[in-house]
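Engineer: Spelled out, the chains give:
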Amino acid sequence: MRDATFAAGTVSAGPITLDLDPGERTALHCASEKEAAIAALLASAIVKASSGCVLIGDYDPRVQSVHCKRIAALVPHEPFPLDEGEFARYIAYRAALWNVSPQRAHAHAALLRKRLSGMHEAFAYPLIGALIGMPELIVLDRPQPAYAAQILDAIAGRAVFSTHSDAAAARAFAGGAAEILWTKRA
Amino acid sequence: MARVPLAVLRARLFAQRRIVFYSCAAALVAGLAEPPGYAAPLFLCCLLGIAMALAQSPGLQPHLDSCEQSAPLFGRELARAKALVPCVAAALAALVYAVAQLMQGAPGVPLAVLVVLAAVIAATLTALSATIRHGATRGLYVSLAAAASVAAYVLVARAHSLAGELALCAVVAFFALRQYGEALARYDPI
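First to last, the sequence lines map onto chains Z and C.
The working numbering applies: residue 1 is where the first sequence begins, and numbers increase by one.
The working numbering applies: residue 1 is where the second sequence begins, and numbers increase by one.
Certain hints may be false.
Only some residues are given here: those of chain C computed to face chain Z with a beta carbon under 10 Å [to be verified]:
| no. | residue |
| --- | --- |
| 1 | ARG3 |
| 2 | VAL4 |
| 3 | LEU6 |
| 4 | ALA7 |
| 5 | ARG10 |
| 6 | PRO62 |
| 7 | HIS63 |
| 8 | SER66 |
| 9 | GLN69 |
| 10 | SER70 |
| 11 | PHE74 |
| 12 | ALA81 |
| 13 | TYR153 |
| 14 | ALA183 |
Keep in mind the hints are simulated off the structure, nothing from the lab.
Glycine included, each C-beta is placed from N, C-alpha and C at the ideal position.
Construct the entire structure; sequences and hints are all you get.
Structural biologist: In structure tokens:
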């Protein structure tokens with residue numbers, strides 16, 4: 001991201017400047033929850049920057065959002081209202097949207113569910129769903145710091161960009177290996 | 001190729017199974033109570049189709065919205081998949097109405113089904129564009145959907161032109177789906 005900003009009505013975020021190479025981890029501490037949510041949506045090509053530049057891989061979300069979405073997967077902040085009985089249906093749904101073989105998706109999901117066994121399903125399912133498409137970049141929108149170790153273990157080896165509105169949560173996801181960036185309120 | 005539309009259809013119909021059930025129940029009661037003719041099934045099923053289309057508005061099923069917005073799909077692919085949901089639900093209601101009419105021994109039910117389905121699909125697809133808009137523009141698309149169903153009724157019941165009604169509905173449905181796909185490709189969820 002180079003001076004990436006988003007503005008729509010009274011909602012705004014940025015400017016954000018950061019570089020993230022494959023396998024690297026960056027935690028972005030934002031001035032507000034709204035700004036953290038927008039930064040995550042910008043990084044996962046769901047919203048387009050109003051000014052500045054965002055490149056995911058070699059692709060610009062303004063013109064190649066489908067390519068960007070193959071590379072980056074968003075794990076939303078909101079817990080999913082799904083129970084154990086709906087897990088298989090959810091995985092089949094995600095597998096169809098990401099064009100992944102259902103057998104492979106279910107096997108991968110079962111493995112990840114074991115690795116995230118201590119995590120509440122409302123937070124574990126979106127993360128498992130995001131990993132089904134084998135993304136190179138995981139974007140975590142205000143993840144729960146209580147699950148930081150499990151989340152980082154499950155997504156090890158991939159580039160990780162997390163947004164936070166709380167300094168302690170940013171530190172939990174930055175650990176020692178990652179950089180914390182700060183945005184300032186304009 | 002049909003995997004994405006079927007997955008979206010299954011997920012959204014499951015999430016909205018209650019509203020689909022109530023729509024079909026309303027169609028059954030109306031079908032048993034109303035006299036045969038085009039007015040009751042056409043306007044009732046168009047109303048149910050518009051309501052089902054509005055039920056696809058972002059924010060009502062946040063976890064499905066989140067998955068669909070982050071999925072690597074072109075706007076037109078997602079539009080086709082999402083459009084299938086209210087069309088199937090409204091078509092189910094129209095078929096339940098037709099079954100109720102058949103149970104009453106009403107004549108001309110197959111033709112009525114054809115007429116109603118054409119109007120329902122046109123009205124539902126037009127109303128879908130309202131789901132990603134707010135304020136007056138949202139009201140405008142709902143009004144356009146209602147106008148499409150009125151025009152279909154006038155053509156078939158007053159002008160006695162079945163071909164005219166089918167042609168109008170086909171043209172309206174084509175442009176409505178195209179418009180929805182383009183709007184969805186440019187849509188920002190914030």
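Engineer: Give a verdict on every hint.
Structural biologist: Against the structure, the hints:
no., hint, result
1, ARG3, "holds, 5 Å"
2, VAL4, "holds, 6 Å"
3, LEU6, "holds, 7 Å"
4, ALA7, "holds, 3 Å"
5, ARG10, "holds, 7 Å"
6, PRO62, "holds, 6 Å"
7, HIS63, "holds, 5 Å"
8, SER66, "holds, 5 Å"
9, GLN69, "holds, 5 Å"
10, SER70, "holds, 5 Å"
11, PHE74, "holds, 6 Å"
12, ALA81, "holds, 9 Å"
13, TYR153, "violated, 37 Å"
14, ALA183, "violated, 15 Å"
Checked against the numbered hints given earlier, this structure breaks hints 13 and 14; the rest are met.
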